[in-house]
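**Student:** Residue strings, one per chain:
Number of protein chains: 2
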Amino acid sequence: MLNAAEKALRKLVREQQGLNPSQVTELDGVPSSTEFARFVAGNRPVVMRGAGRQLQVPALDRWTDDYLVETLAERELEISATPHGNADAIVDGAFVEPANAKMPLSTLLDRLYEEQDVVEATTPVFYLQSQNGNLAGEYAPLQDDVLPDGPAFAREVFGQAPDVANIWVGGRRSKTSLHKDPYENLYLVVRGSKTFTLFPPSEAFCMHEQPFPHATYVFDPSTSSFSIRRTDPPLSLPWIPIDLDSPSLSAHPRFALARPLRVTLAPGDMLYLPALWFHRVEQDVGLGPPRAAAEAGAARGGREGVKAAIAVNWWFDMDYGAPVWGLHALVRRLTMALDGQEDDEPDSGDEDEL
Amino acid sequence: MLNAAEKALRKLVREQQGLNPSQVTELDGVPSSTEFARFVAGNRPVVMRGAGRQLQVPALDRWTDDYLVETLAERELEISATPHGNADAIVDGAFVEPANAKMPLSTLLDRLYEEQDVVEATTPVFYLQSQNGNLAGEYAPLQDDVLPDGPAFAREVFGQAPDVANIWVGGRRSKTSLHKDPYENLYLVVRGSKTFTLFPPSEAFCMHEQPFPHATYVFDPSTSSFSIRRTDPPLSLPWIPIDLDSPSLSAHPRFALARPLRVTLAPGDMLYLPALWFHRVEQDVGLGPPRAAAEAGAARGGREGVKAAIAVNWWFDMDYGAPVWGLHALVRRLTMALDGQEDDEPDSGDEDEL
Chain U
1 MLNAAEKALR KLVREQQGLN PSQVTELDGV PSSTEFARFV AGNRPVVMRG
51 AGRQLQVPAL DRWTDDYLVE TLAERELEIS ATPHGNADAI VDGAFVEPAN
101 AKMPLSTLLD RLYEEQDVVE ATTPVFYLQS QNGNLAGEYA PLQDDVLPDG
151 PAFAREVFGQ APDVANIWVG GRRSKTSLHK DPYENLYLVV RGSKTFTLFP
201 PSEAFCMHEQ PFPHATYVFD PSTSSFSIRR TDPPLSLPWI PIDLDSPSLS
251 AHPRFALARP LRVTLAPGDM LYLPALWFHR VEQDVGLGPP RAAAEAGAAR
301 GGREGVKAAI AVNWWFDMDY GAPVWGLHAL VRRLTMALDG QEDDEPDSGD
351 EDEL
Chain E
1 MLNAAEKALR KLVREQQGLN PSQVTELDGV PSSTEFARFV AGNRPVVMRG
51 AGRQLQVPAL DRWTDDYLVE TLAERELEIS ATPHGNADAI VDGAFVEPAN
101 AKMPLSTLLD RLYEEQDVVE ATTPVFYLQS QNGNLAGEYA PLQDDVLPDG
151 PAFAREVFGQ APDVANIWVG GRRSKTSLHK DPYENLYLVV RGSKTFTLFP
201 PSEAFCMHEQ PFPHATYVFD PSTSSFSIRR TDPPLSLPWI PIDLDSPSLS
251 AHPRFALARP LRVTLAPGDM LYLPALWFHR VEQDVGLGPP RAAAEAGAAR
301 GGREGVKAAI AVNWWFDMDY GAPVWGLHAL VRRLTMALDG QEDDEPDSGD
351 EDEL
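Residue numbers (full-length UniProt numbering), protein chains in the order written: chain U, 1 to 354; chain E, 1 to 354.
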């Protein structure tokens with residue numbers, strides 16, 4: 001039966017690959033609600049080139065260094081700090097969360113400016129990625145620059161406003177390791193670029209997700225160095241160990257079956273990232289809107305603006321009753337069983353009725 | 001692992017039941033496209049009371065006995081004949097297709113009239129159920145009475161016209177045994193009523209689908225009796241053996257986990273039956289539109305119209321790349337493995353690469 005389950009899971013991966021496009025569908029601008037609804041029903045990603053311009057998202061013109069610094073003033077922001085830009089990733093056999101630093105935006109921009117043209121920067125990597133609905137919190141003054149309720153076509157199709165909206169600000173060294181979110185995601189790049197590598201929920205079988213001890217980076221400002229502290233009492237959580245830049249097929253043989261979809265977003269491009277899709281995000285940096293350079297020259301010590309990657313995203317609640325949740329949960333449970341892992345969810349008492 | 005797979009499948013059934021309504025959602029009239037799109041994305045049935053009236057489907061007023069008989073004239077129609085109304089059902093350990101009789105509609109209506117008030121009718125059961133897109137074929141003269149392209153909200157959401165449209169005409173003794181179709185289905189009752197018993201694709205585990213030898217009813221007009229002829233050379237096909245009126249939990253224990261949803265449609269009511277939902281259909285009969293009685297009195301030998309069940313349905317192509325197809329295929333393959341059945345699909349050659 002093990003073999004039968006494994007065969008069924010591999011057949012699922014191949015069949016879904018055969019039935020779905022091998023590249024992310026590209027639209028010129030935003031879709032109609034009914035058009036978008038078909039991507040949601042199919043749990044299929046889609047890129048909407050230039051959607052941000054078409055939706056007249058003010059941030060695309062407003063978010064110069066000066067505007068952002070003035071608007072956020074001196075408020076102390078929560079910024080992730082890591083040695084290599086590896087926030088929430090597997091390091092030395094543990095799942096390591098970033099250290100948190102507090103600084104005003106001007107300081108973050110200064111840090112990004114210092115590293116931006118250094119080929120092998122070794123300074124700490126700072127990344128504004130609080131992803132806790134920060135656009136309604138710390139960054140509320142920026143909310144009206146980015147459709148606080150998300151794009152209308154998404155609101156109509158999901159039948160509600162987004163659960164949370166986030167802003168992300170970082171440099172080229174920051175990346176997000178492969179993971180999934182139980183949210184429907186709309187992602188808009190404002191400055192720089194983001195490259196997504198995507199895998200569908202049916203490929204959970206290929207991801208070798210497994211439990212790791214939980215830990216946190218600790219930053220020592222005196223030596224400007226990091227150490228890793230295991231959480232105590234020990235906490236374990238499941239994560240994907242695969243490094244997409246150098247996957248080990250001997251350690252993770254099922255990853256050979258996975259089929260990555262890659263897409264790069266430029267400023268104004270929007271991605272629909274369907275619920276439960278596995279994704280890794282890399283970024284490159286760019287200057288702000290044309291006005292940035294000039295203004296910055298004046299206001300920010302003659303430098304011609306900071307090269308940063310800035311994006312916003314809207315998370316909409318997913319439909320847990322829809323088939324994709326059941327499919328993902330079933331694949332995940334079977335894969336854990338194949339790997340001899342305990343199901344991490346409690347059994348309902350009557351599981352043994354039959 | 002067998003136990004693990006079985007546990008995972010049972011957990012899926014229970015979890016999906018917990019996450020989805022225990023009754024079919026009821027709408028008053030037709031939904032907007034975006035509203036309907038959420039039912040499609042969720043693969044959730046919905047009944048739209050009075051939708052046919054709201055959409056002004058002419059059949060609801062036009063389809064009197066006389067109109068139907070005159071419009072179809074004397075053309076010989078293909079009518080299913082069975083001893084007990086059990087077309088396409090398991091009989092004596094075989095999957096038995098109905099016998100086919102040729103008769104004009106007037107003859108079918110005469111048969112339905114003769115049986116309509118007989119409590120224990122023993123005459124053959126005739127059912128117009130050719131379901132081969134008959135509204136574009138044999139019944140083309142009736143097409144314009146029933147939205148040949150289906151309801152606009154469905155066309156918009158599915159992004160295409162229906163693949164086929166069918167008309168169904170029968171009496172109270174005809175039923176359809178539990179099965180599923182790989183189509184998105186919109187179903188409208190014109191006369192009489194239809195009662196659907198529904199199970200979601202995640203409950204394929206509970207259906208004990210298994211292969212049966214293929215056979216056909218043969219009708220002997222001289223004795224007006226039926227015999228069953230096994231197909232030769234033997235042909236086997238998978239079917240669900242469960243009789244919903246008297247399920248045998250000893251023979252089919254997993255059916256105890258299934259949760260039936262029942263809904264009855266009156267004339268003008270429309271049901272969205274999502275792709276791959278298991279369904280059994282029973283029907284009751286009623287007179288035609290008000291005009292029927294009077295006209296019939298004149299035209300049809302003084303009788304006050306025939307009590308019949310008349311419905312139409314539109315089948316739209318399903319999205320095979322969407323999660324529901326993968327979910328159903330995975331559950332089905334695992335269940336077949338648990339039951340020691342051979343997967344009936346060919347393995348792709350590289351299934352053993354890993």
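It is possible that some hints are incorrect.
Identical copies carry no separate label here, and so any pair may be met within one copy or between two of them.
Stated by the list, open to error - Okay, derived cross-link-like pairs now, DSBU-like style, lysine-lysine, Cα gap no bigger than 35 Å in a straight line:
1. K180 with K307
2. K7 with K307
3. K11 with K102
4. K7 with K102
5. K307 with K11
6. K180 with K11
7. K180 with K7
8. K102 with K180
9. K307 with K102
Note that these hints are calculated values from the structure, not bench results.
**Student:** Confirm or reject each hint.
**Tutor:** Hint-by-hint comparison with the structure:
1. K180 with K307: within (28 Å within a copy, 56 Å between copies)
2. K7 with K307: For K7 and K307, neither the intra-copy (48 Å) nor the inter-copy (52 Å) Cα distance is at most 35 Å.
3. K11 with K102: neither (49 Å within a copy, 44 Å between copies)
4. K7 with K102: Neither way: K7 and K102 sit 50 Å apart in one copy and 47 Å across, limit 35 Å.
5. K307 with K11: Classified as neither; 45 Å inside a copy, 50 Å across copies.
6. K180 with K11: both (22 Å within a copy, 22 Å between copies)
7. K180 with K7: The answer is both: 24 Å in one copy and 24 Å across copies each meet 35 Å.
8. K102 with K180: Answer is within: at 27 Å inside a copy they meet the 35 Å cutoff, but 58 Å across does not.
9. K307 with K102: within (21 Å within a copy, 78 Å between copies)
The structure fails to meet hints 2, 3, 4 and 5 from the earlier list, while all remaining hints are met.
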